[in-house]
Amino acid sequence: DGGITQSPKYLFRKEGQNVTLSCEQNLNHDAMYWYRQDPGQGLRLIYYSQIVNDFQKGDIAEGYSVSREKKESFPLTVTSAQKNPTAFYLCASTRGINTDTQYFGPGTRLTVL
Amino acid sequence: AQSVTQLDSQVPVFEEAPVELRCNYSSSVSVYLFWYVQYPNQGLQLLLKYLSGSTLVKGINGFEAEFNKSQTSFHLRKPSVHISDTAEYFCAVSFAGGSEKLVFGKGTKLTVNP
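So the protein sequences, as listed, match chains V and C.
One point on numbering: in my numbering, the residue at position 35 of the first sequence is 35, and numbering is uninterrupted.
One point on numbering: in my numbering, the residue at position 94 of the second sequence is 94, and numbering is uninterrupted.
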């Protein structure tokens with residue numbers, strides 16, 4: 001079945017540690033996105049990538065980094081510079097056209113202790 | 001500035017009652033409009049979208065939405081809700097001539113009570 005996978009579903013880390021969240025898609029989509037979701041805040045865009053080896057900052061990129069070495073993979077690293085990293089993180093992908101549906105993964109809930 | 005406003009953060013209703021979830025947007029260019037649903041601890045899935053043509057759009061699970069250009073609205077409706085409709089609903093907008101990025105509203109939590 002085609003879709004987006006995110007792993008792990010739950011992640012716990014100590015303050016000051018970097019952590020990498022995985023996102024893989026087998027939909028052959030060009031564009032991929034990372035969102036952060038906090039209660040009552042909706043979805044806020046962290047980074048997005050329209051093509052392999054290229055990515056752009058979204059609205060809240062500070063304290064995060066990404067890479068896009070393969071079309072199907074778009075990992076997100078939450079660095080120690082992110083002041084409040086505890087949140088639900090969602091990955092999505094599309095063909096890269098603004099009329100297209102975004103397909104979402106199941107999310108990773110990160111808790112920093 | 002381009003933005004999306006969901007006017008109600010929480011909407012409680014009884015089972016089999018009708019419901020309307022409100023969404024307004026602000027844009028100086030043409031828009032494409034989406035409604036997504038999120039069940040607890042899951043990702044989002046598309047309910048319906050408006051790209052062009054008929055302003056009344058039908059989606060999955062009996063939901064429909066109407067695009068009103070003059071009022072810059074895209075309200076979501078269902079004539080009779082079920083317990084299983086309990087979820088958070090997000091309105092989102094992309095802008096003609098722009099990138100494929102979506103701007104999301106803050107969400108409306110629909111709770112259907114027996």
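Everything labelled a hint here was simulated from the structure, so no lab data went into it.
A portion of the hints provided could be inaccurate.
[What the hints assert, rightly or not] EDC-like cross-link-like pairs, simulated, lysine to aspartate or glutamate; straight-line CA separation at most 16 Å:
#1 109/C / 30/V
#2 49/C / 100/V
#3 101/C / 30/V
#4 57/V / 8/C
#5 106/C / 30/V
Q.
Could you work out which of the previously given hints the structure breaks and list their numbers from low to high?
A. As far as the earlier hints go, 1, 4, 5 are violated by this structure, in ascending order.
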